[in-house]
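Participant: Sequence:
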Amino acid sequence: MRINKIGALLLAGTLGLGLAACSSDDGGSEGGKGRTIGVANFTLGGPYFNGMDRAIKAQAEGKSVTIISTDANGDAAKLAANVEDLISKDVDAVIISGGPLESAPAALNSLKAAKISVILVDRKFQTGEYTSWIGPDNERIGVQDGEFLTQQLPQGGKVAIIKGGPADNSIGLARTNGLKSVLGKDPKFTLVEAPDFGNWGSDGGLAVTESLLASHKDLKAVFCENDAMCLGAQRAIANANLNSQIILAGVDGQLEALQEIAKGENYVVTGLNSADQIGRLGLDRALEVLDGKQVEKDTVVDSPQITKQNAQEFIDKGTF
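Quick note on our numbering: the sequence shown kicks off at 620 and runs consecutively.
Rather than coming from a laboratory, the hints here were simulated on the basis of the structure. Note that this is a predicted model, so its numbers are computed, not measured. Just so it is clear, CB atoms sit at the ideal spot from N, CA and C, and this is done for glycine as well. Just so you know, not all the hints are guaranteed correct.
[As the list claims (entries may be wrong)] As a list, the in silico DSBU-like pairs of lysine-lysine whose alpha-carbon atoms are at most 30 Å apart:
(1) 777 / 734
(2) 799 / 836
(3) 777 / 839
(4) 734 / 697
(5) 912 / 927
(6) 652 / 777
(7) 927 / 882
(8) 804 / 743
(9) 697 / 743
(10) 807 / 927
(11) 836 / 882
(12) 799 / 882
(13) 743 / 882
(14) 839 / 882
(15) 734 / 916
(16) 916 / 882
[Unchecked claim] Pair ranges (Cβ atoms, derived):
(17) 854 / 927: 29 to 35 Å
(18) 721 / 916: 45 to 51 Å
(19) 652 / 935: 19 to 25 Å
Take the sequences, apply the hints, and build the full model.
Facilitator: This is the structure we're talking about:
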């Protein structure tokens, strides 16, 4: 199934929540029935993953649900230990936000043995059993960015690609492969892949772009596998006084990126991968499973293209 109308899917919630857990005050709303849901985060070391954790907690408000949230700080072994701890606390279901983690066999095996339902949000692990997954079509987002760049650069040119890493990261690969499926077929374009990873952060995007510009001053565009790296790349381009020459295309719909796109300068496009939407849907999916409802194994959430024409609309919706 593909989810089309973002606004219709996002229920009202309060974002001023505790860092580790939340519970309803009145128990008057149906849906949670006094349940406890664990959230196993591989990392909260970035705005996207923090946003997803907040969204899960916000969606639990008023549903008689207690949320126990953990942070593995980017350590797979710690994630497995956190899951074991959640199991010991008799949680009814676990939502896993895997971030850049490709698989978590120890965590999934433990949950299977404990007969606890597992909802994956954003990241679909490459191995292991899970109950349901909700996330974006990452390759499609890359295709959208590629198509937009062909419109913005009718004469073609050299386009740099900045990857988040590691080399086998399926989410990043899907986004880059989507871009390549469009620009790689057009002889007017030359693609240059940065030799170093941007590590999904602004500082990494800055450093990688500075290195690229040292040998590729004729770039016409930079594509980044997420918005955070593109925001760093934008700083490097500005420092080199190349704003009027180089445009940027990202992925995720991070607020700061939407604000730059709304200005109508050189950050021109991103594809929405809403942490808020996916987190809220993940909480609802967990409750549906616990209520015994039939749910989809995999649910793909639409990722609208965001440009200057609609960036303010998405900012106002708060769907980033």
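Participant: Which of the listed hints are broken here?
Facilitator: Hints 1, 5, 6, 13, 16, 17, 18, 19 contradicted; others consistent.
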